[in-house]
Amino acid sequence: MARLLVLRSAPYHRSHLSATATFLLSPSNSKHPHSASASASFPSTARRILLPSPLRVPARAIESSPGTTKQEPTPAAGEGEAQEPPPPAASAFEVEELGWGTQLAVKLRMLVAPPWKRVRKGSVLNMKLRGEISDQLKTRFSSGLSLPQICENFVKAAYDPRISGIYLHIEPLRCGWGKVDEIRRHIVDFKKSGKFVVGYMPVCGEKEYYLACACGELYAPPSAYVALFGLTVQQTFLRGVLEKVGIEPEIQRIGRYKSAGDQLARKSMSNEVREMLATLLDNIYGNWLDTISSKHGKKKEEIEEFINSGVYQVARLKEEGWITDLLYDDEVMAMLKERVAQKDKKSLRMVDYSKYSRVSKWTLGLQGGGEQIAVIRASGSITRTRSPLSVPSSGIIAEQLIEKIRTVRESEKYKAVILRIDSPGGDALASDLMWREIRLLADTKPVVASMSDVAASGGYYMAMAAPVIVAEKLTLTGSIGVVTGKFILQKLYERIDFNKEIISKGRYAELNAADQRPLRPDEAELFEKSAQNAYALFRDKAAMSRSMNVDQMETVAQGRVWSGQDAASRGLVDSLGGFSQALAIAKQKANIPHDRKVQLVEISKPSPTLPEILSGIGSSLLGVDRAVKGVLQDVTSLNGVQARMDGILFERLEDLSGENQLLLLVWISNVTNSETKTAWAINFVEKDSLVMLDTLSLDASIVRTHEGTLRVLYRGLLKLLLQFGLFISQLAVFVGNTIAIPDDMVQLIKELTISAAEVDNLCPELT
Numbered sequence: 001m002a003r004l005l006v007l008r009s010a011p012y013h014r015s016h017l018s019a020t021a022t023f024l025l026s027p028s029n030s031k032h033p034h035s036a037s038a039s040a041s042f043p044s045t046a047r048r049i050l051l052p053s054p055l056r057v058p059a060r061a062i063e064s065s066p067g068t069t070k071q072e073p074t075p076a077a078g079e080g081e082a083q084e085p086p087p088p089a090a091s092a093f094e095v096e097e098l099g100w101g102t103q104l105a106v107k108l109r110m111l112v113a114p115p116w117k118r119v120r121k122g123s124v125l126n127m128k129l130r131g132e133i134s135d136q137l138k139t140r141f142s143s144g145l146s147l148p149q150i151c152e153n154f155v156k157a158a159y160d161p162r163i164s165g166i167y168l169h170i171e172p173l174r175c176g177w178g179k180v181d182e183i184r185r186h187i188v189d190f191k192k193s194g195k196f197v198v199g200y201m202p203v204c205g206e207k208e209y210y211l212a213c214a215c216g217e218l219y220a221p222p223s224a225y226v227a228l229f230g231l232t233v234q235q236t237f238l239r240g241v242l243e244k245v246g247i248e249p250e251i252q253r254i255g256r257y258k259s260a261g262d263q264l265a266r267k268s269m270s271n272e273v274r275e276m277l278a279t280l281l282d283n284i285y286g287n288w289l290d291t292i293s294s295k296h297g298k299k300k301e302e303i304e305e306f307i308n309s310g311v312y313q314v315a316r317l318k319e320e321g322w323i324t325d326l327l328y329d330d331e332v333m334a335m336l337k338e339r340v341a342q343k344d345k346k347s348l349r350m351v352d353y354s355k356y357s358r359v360s361k362w363t364l365g366l367q368g369g370g371e372q373i374a375v376i377r378a379s380g381s382i383t384r385t386r387s388p389l390s391v392p393s394s395g396i397i398a399e400q401l402i403e404k405i406r407t408v409r410e411s412e413k414y415k416a417v418i419l420r421i422d423s424p425g426g427d428a429l430a431s432d433l434m435w436r437e438i439r440l441l442a443d444t445k446p447v448v449a450s451m452s453d454v455a456a457s458g459g460y461y462m463a464m465a466a467p468v469i470v471a472e473k474l475t476l477t478g479s480i481g482v483v484t485g486k487f488i489l490q491k492l493y494e495r496i497d498f499n500k501e502i503i504s505k506g507r508y509a510e511l512n513a514a515d516q517r518p519l520r521p522d523e524a525e526l527f528e529k530s531a532q533n534a535y536a537l538f539r540d541k542a543a544m545s546r547s548m549n550v551d552q553m554e555t556v557a558q559g560r561v562w563s564g565q566d567a568a569s570r571g572l573v574d575s576l577g578g579f580s581q582a583l584a585i586a587k588q589k590a591n592i593p594h595d596r597k598v599q600l601v602e603i604s605k606p607s608p609t610l611p612e613i614l615s616g617i618g619s620s621l622l623g624v625d626r627a628v629k630g631v632l633q634d635v636t637s638l639n640g641v642q643a644r645m646d647g648i649l650f651e652r653l654e655d656l657s658g659e660n661q662l663l664l665l666v667w668i669s670n671v672t673n674s675e676t677k678t679a680w681a682i683n684f685v686e687k688d689s690l691v692m693l694d695t696l697s698l699d700a701s702i703v704r705t706h707e708g709t710l711r712v713l714y715r716g717l718l719k720l721l722l723q724f725g726l727f728i729s730q731l732a733v734f735v736g737n738t739i740a741i742p743d744d745m746v747q748l749i750k751e752l753t754i755s756a757a758e759v760d761n762l763c764p765e766l767t
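Quick note: the sequence shown, position 64, residue 64 per UniProt numbering, numbers continuous.
Worth double-checking, as some hints may not be accurate.
Straight-line Cα separation of at most 30 Å, DSSO-like style, residue types lysine-lysine; simulated pairs [stated by the list, open to error]: (1) Lys-195 - Lys-121; (2) Lys-345 - Lys-117; (3) Lys-195 - Lys-318; (4) Lys-404 - Lys-597; (5) Lys-337 - Lys-121; (6) Lys-267 - Lys-191; (7) Lys-300 - Lys-318; (8) Lys-207 - Lys-299; (9) Lys-191 - Lys-343; (10) Lys-299 - Lys-318; (11) Lys-337 - Lys-117; (12) Lys-117 - Lys-346; (13) Lys-298 - Lys-207; (14) Lys-295 - Lys-195.
Simulated restraints, written as ranges between beta carbons of each label pair [unchecked claim]: (15) Glu-320 - Ser-530: 20 to 30 Å; (16) Lys-361 - Gly-205: 28 to 38 Å; (17) Pro-521 - Thr-236: 24 to 34 Å; (18) Gln-400 - Ala-513: 55 to 65 Å; (19) Glu-217 - Asp-595: 28 to 38 Å; (20) Glu-412 - Gly-297: 47 to 57 Å; (21) Ser-268 - Thr-555: 40 to 50 Å.
None of these hints come from the bench; they were simulated from the model. Cβ atoms here follow ideal geometry from the backbone N, Cα and C, with glycine treated the same way.
Generate coordinates for the entire structure from the input sequences, incorporating the hints supplied.
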């Protein structure tokens, strides 16, 4: 009989919690029954690491009301100081042999599985890791990779007797180091099942090799691109560009290290931001050297010397033992075919990522037990309300997430909650509303925040509401600060002969409306005070949530971004690890024995929508798919005070968002032929353009008042987009550095470039 394996979340040890988590959670000082210590109920087993003492968490787990905490604050490291960092994260899962009864049940389920979920015995799971990796679950109609599904596939494959091993294609990655560490742990733990995991790497950079070297064997083609030169961090600045077109940004960023807004307000990097970025780069590079040196059994200095020699030849990687051999893809598959004893002349029997993701855990006996733990995922930029452009991947929409949180809070079937966060922040008000709901949720049941690539600014605002925070070593954490701003367009208006007059009542009525003149001194003072007030609220709530006084929090706030490891040593994070670490902590806080199976319920699990289905079948007109709507959603939602790690952020400019106004005015400022402008204004009269303008969140009165002008701007921008795709793609590149436009969007725009004749056919009124 085949040997079947079950994989469970690895238990964590109390030493995995940071030194700042000092308050004992016990029945005598807990606010809810779920938080009682569970160590006494854990059965003794020789295969498990037992908790020698109950979990210790900060006082905010005990006192969760919005008022001032009564407990003595835990000491926080002073500025520049760092407490002893917590030990490394626990493994992703453990492997155990199943009993004969479970093995029989699994075999029966495999026999009755539907055809689209069947896998032939002796198959190799082929996963291609490239590009962006989302922290959200994906439907079968969604494109792209999903971190939870990648990790689940590793677990299922280690357990599945039909899978002989895994063949990983590792291409250039566009995700953070937190997700890479999560995948890397699963590769390491998968190898403990006794099955092979072979990596293939045609393009080798630092991040790709960091992941690939965890494989049991690593191959590359003889012509592989190699660029192991070291790591860099950069920041771009647009102040000079804006000055040339007559745009003066008024940016208020509160926090010495707050870099959001610097792209618009400065022409060079500030000393504080330089210090912050240098520290983050040291952490990332140091971790990379530690991992690679440990893998090859060499000193860090030897690895650094090798990198500093400039590694661009793949043959050098083989000579130094960094890869197993130089083979083409077909040669690797031929080798694997022999390894799995496939005798026929057909190609290697493989199952791809997409198909294997549809294999249910129930089929493999991995379904959970009686207790249920809710998983709420929050990924992307934060907005408060849903807009007409919102799609399932539009980021974190506060009103929707709050509904999910309330549903979980009111349900008694969930014993604990894992809040999975991957967000650089966004709307400050939305972040605060979600913070409140998470605090209320923590009053009723244990809540553990698990942070992925980034939980900064508004993302950290959400996380700090949870009693326990878990982060990866390199999770971008903190950025406790706010930024707001607006454009002064006086010189630009003069350049394009545009005039704007405002009739107002009230001393500060024109604060947000008047962009045709600089702010008066009293307006500038009020503008700054409003930003300072938003920062104080954020900082004070962070201090209360993390059981610090305000002065202690101020030393780690100021908009500074920390790595997860540095954040843990400064009291902003309690434990280092990934999702499995958060699950182990949630089980203990819910008084669930660590070796008992639980059922994870994905509260944010997406369901396929009609746009997703259509997008999965084929691209829409001109190839503009859901990525375009995602970009427009991100652009139109950036209004008001923002708690964000980075991004273009503006105050509301009438009813047209600053980003749209900027792009439109930059376009019209380059149209110097007044006759052309007049001709477009006369001929641009189609009603369909009004519908499109409305999807950009324009108020109806603005559309009616400036109908002719807006029609000209919209159709002219459309023509430029079509006819000068390369130019717009370059614009998207530098704008993408500030509003997080995906690289896929840039490539998409390049593909939209068509000839002038085709443009005239699409826009005959412009010929």
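Agreement of Lys-195 and Lys-121 with the hint, judged by alpha carbon distance not exceeding 30 Å: 14 Å, holds
Pairwise hint evaluation, Lys-346 against Lys-117, where the allowed Cα distance is 30 Å at most: 21 Å, holds
30 Å Cα cutoff - pair Lys-404, Lys-597: 24 Å, holds
Given pair status - Lys-117, Lys-345, alpha carbons within 30 Å: 25 Å, holds
CB-CB spacing for Ala-513 and Gln-400 relative to the 55 to 65 Å hint: Roughly 30 Å apart at Cβ, these two residues miss the hinted range, so it is violated.
Hint check for Gly-205 and Lys-361 - Cβ pair distance inside 28 to 38 Å: 34 Å, holds
Range hint compliance [Cβ, Glu-217 to Asp-595, 28 to 38 Å]: Once the Cβ atoms are compared, 33 Å apart, the range 28 to 38 Å for Asp-595 and Glu-217 holds.
Pairwise hint evaluation, Lys-121 against Lys-337, where the allowed Cα distance is 30 Å at most: 13 Å, holds
Satisfaction of the hinted span 40 to 50 Å by the C-beta atoms belonging to Ser-268 and Thr-555: Violated, since Ser-268 and Thr-555 (Cβ atoms, about 26 Å apart) do not stay within the stated range.
Restraint check for Lys-295 with Lys-195, where alpha carbons must lie at most 30 Å apart: Distance ~19 Å between Lys-295 and Lys-195 Cα, so the pair holds.
30 Å Cα cutoff - pair Lys-267, Lys-191: 50 Å, violated
Proposed proximity, Lys-318 with Lys-299 (alpha carbon, max 30 Å): Given that 30 Å is the threshold and the Cα spacing comes to 19 Å, the pair holds.
Hint violations for this structure: numbers 6, 15, 18, 21, all remaining hints satisfied.
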